Amino acid sequence: MSKRIVVPFGPQHPVLPEPIHLDLVLEDELVVDVVPSIGYIHRGLEQLVLKREFTEYVYVAERICGICSFMHALCYSQGIEHIMNIEVPDRAKYLRTIWSECSRLHSHLLWLGLFADGMGFENLFMRSWQLRESVLDVLEDTTGGRVIQGTCKVGGVRRDIGQEKLDEMHRTLDTFEENCRDLGDVFLNDGSVKYRLQGLSVIPRDDAYALGAAGPTARASGVAMDHRETGYAAYGDLGFKPVVETAGDCYARCAVRVRELYSSIDIIRRAIEGMPEGPIDVKVKGTPDGEYFSRVEQPRGEVVHYLRGNGTKHLARARIRTPTLANIPILVKMLPGIQLADVPVVVLSIDPCISCTER
Amino acid sequence: MGLFKMTKTVLRNLAGGPATRCYPAVPARTSPLTRGHVAFDPATCRSCGICSRRCPCEAIRLDKEAKVWEIDRMRCIACGDCVEGCPFESLTMEQEYFPPVTEHVVEHYTITYVKPEKPAKKPAEESA
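Line order of the protein sequences matches chains A and B.
Read in order, the letters of the first sequence are residues 1 to 359 in this note's numbering.
Read in order, the letters of the second sequence are residues 1 to 128 in this note's numbering.
Be careful, since some hints might not be right.
Said to hold, decoys possible - Distance ranges between label pairs, derived from CB positions: (1) A:Gly44 with B:Pro99: 26 to 34 Å; (2) A:Leu30 with B:Gln95: 51 to 59 Å; (3) A:Asp190 with B:Glu103: 44 to 52 Å; (4) B:Gln95 with A:Gly44: 26 to 34 Å; (5) B:Glu103 with A:Leu30: 47 to 55 Å; (6) B:Glu107 with A:Leu340: 51 to 59 Å; (7) A:Asn310 with B:Thr9: 51 to 59 Å; (8) B:Glu107 with A:Asn310: 31 to 39 Å; (9) B:Arg53 with A:Gly278: 27 to 35 Å; (10) B:Val106 with A:Tyr306: 31 to 39 Å; (11) B:Val26 with A:Leu340: 38 to 46 Å; (12) A:Tyr262 with B:Val26: 29 to 37 Å.
Just so you know, these hints were derived from the structure itself, not from any lab.
Just so we're clear, the structure is a prediction, and the values are computed from it rather than from any experiment.
C-beta: ideal position from N, C-alpha, C; glycine also.
The shape of chain A in the complex, shown without the other chains:
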């Protein structure tokens, strides 16, 4: 047995967009143990519920994460709406679905780019981000913000999308899907990508379930768990089937996200076609009194907002569990047994979002 050494990985590392620290215990080049540590960017956003009114906190919730910002606002709003028994108009639900899926598209394209960069495929990284830009343009045209949309509020949405813009989005979806399929084809069928990813850090289905993996990481191991199936917002009307792979390796995690791009495009198309007429918000009266666990499927997995109101305009408690936190135990399981050079790719394969995790 060779001598064990500890190599620090992060919090500043070229492959990591955000700070997470891993102590890698190595035997030669082989990883044998991992000790993760987080806590570099805790901002205390949960505590802010005591200082901000419950309607204002949507803006704070949205800033928990820069990528799944709309879904945090949606999750928070749905929680408050449930506590206060507010019925959101159908049009608002459809608009929320469209913006959620746009967020998922741009998040997955961002991740595919970073992943390609992590495995050394620079050209694919640039093409992914070029495609992502067209989604951001649509988000800016419809909400006014590229990354922080600011359109979700308690009781509905703040902006409507006109019929003209909806028609234009519907028309451009075909070209966009074609471009996505071209890009996905490289990720799924290119020889060098397959050689790099297939069989790398395989997680069997039972392990993924037992360790509580969330989102695409769980679905890549064959756990068909997607919170959109429960039919929140307009997913119930649109019909939805989760994308599942069974191999459980890095290639499967990549394939799930590529195929989710197609599924998101399909959901947006059906939402535009079935968009009902009517108001986009209802007036919020009173204050929340009660508690609720609100859950929404984010690009990285299921996010849980626990909200408790005490009958005043300030909530008594908010607690947020983000998908990356659920995926860190499985990351610790993934790393032992692989080479040091594969660590960046495997760490990226769970799509870590540390700002979310630490809030």
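Since the structure of chain A is already known, use the hints to place chain B on it.
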């Protein structure tokens, strides 16, 4: 097959031109809805204070006595809640992003709105 696809991508990239733009020589892309920064019109503000109460990050302060309206550009998150709430349309959302600065910026405006005088009631004509 792979070579054919690669050639197609290469040709498309060559013919398509750059995906980025020469910012700042070419201005950034905006849309009519883009939330850049909040602009204030001191001539129409009636000092109701709704904007400062709605602001989620306490960036707007209003001194009703001194008739001064202040916005802390470093705190403002350009959510647009004040613009939506303003009943007198004194606030508008401009498309241009506020430029980066090195010092703390608090903008002060002196409200110039003057309440129009009510037309004086006609003196009751004394009946003869």
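Results for each hint:
For Gly44 (chain A) and Pro99 (chain B), the hinted distance range of 26 to 34 Å is satisfied, since their beta carbons lie about 29 Å from each other. The beta-carbon spacing between Leu30 (chain A) and Gln95 (chain B), approximately 54 Å, falls within the hinted interval of 51 to 59 Å. Distance hint check: the CB atoms of Asp190 (chain A) and Glu103 (chain B) are about 50 Å apart, consistent with the given range 44 to 52 Å. The hint said 26 to 34 Å for the Cβ distance between Gln95 (chain B) and Gly44 (chain A), and at roughly 33 Å that hint holds.
Distance hint check for Glu103 (chain B) and Leu30 (chain A): the Cβ-Cβ separation is about 52 Å, which falls inside the suggested range of 47 to 55 Å. Roughly 53 Å separates the CB atoms of Glu107 (chain B) and Leu340 (chain A), a value that falls within the hinted 51 to 59 Å. Distance hint check for Asn310 (chain A) and Thr9 (chain B): the Cβ-Cβ separation is about 58 Å, which falls inside the suggested range of 51 to 59 Å. At roughly 38 Å, the beta-carbon separation of Glu107 (chain B) and Asn310 (chain A) lies within the given 31 to 39 Å, and the hint holds.
Distance hint for Arg53 (chain B) and Gly278 (chain A): a CB-CB separation of about 30 Å, consistent with the stated range 27 to 35 Å. Between Val106 (chain B) and Tyr306 (chain A) the C-beta distance comes to about 37 Å, which sits within the given range of 31 to 39 Å. In this structure the supplied range 38 to 46 Å holds for Val26 (chain B) paired with Leu340 (chain A), their Cβ-Cβ distance being about 44 Å. For Tyr262 (chain A) and Val26 (chain B), the Cβ-Cβ distance of about 33 Å falls inside the hinted range of 29 to 37 Å, so the restraint holds.
The earlier numbered hints are all upheld by this structure, with none contradicted.
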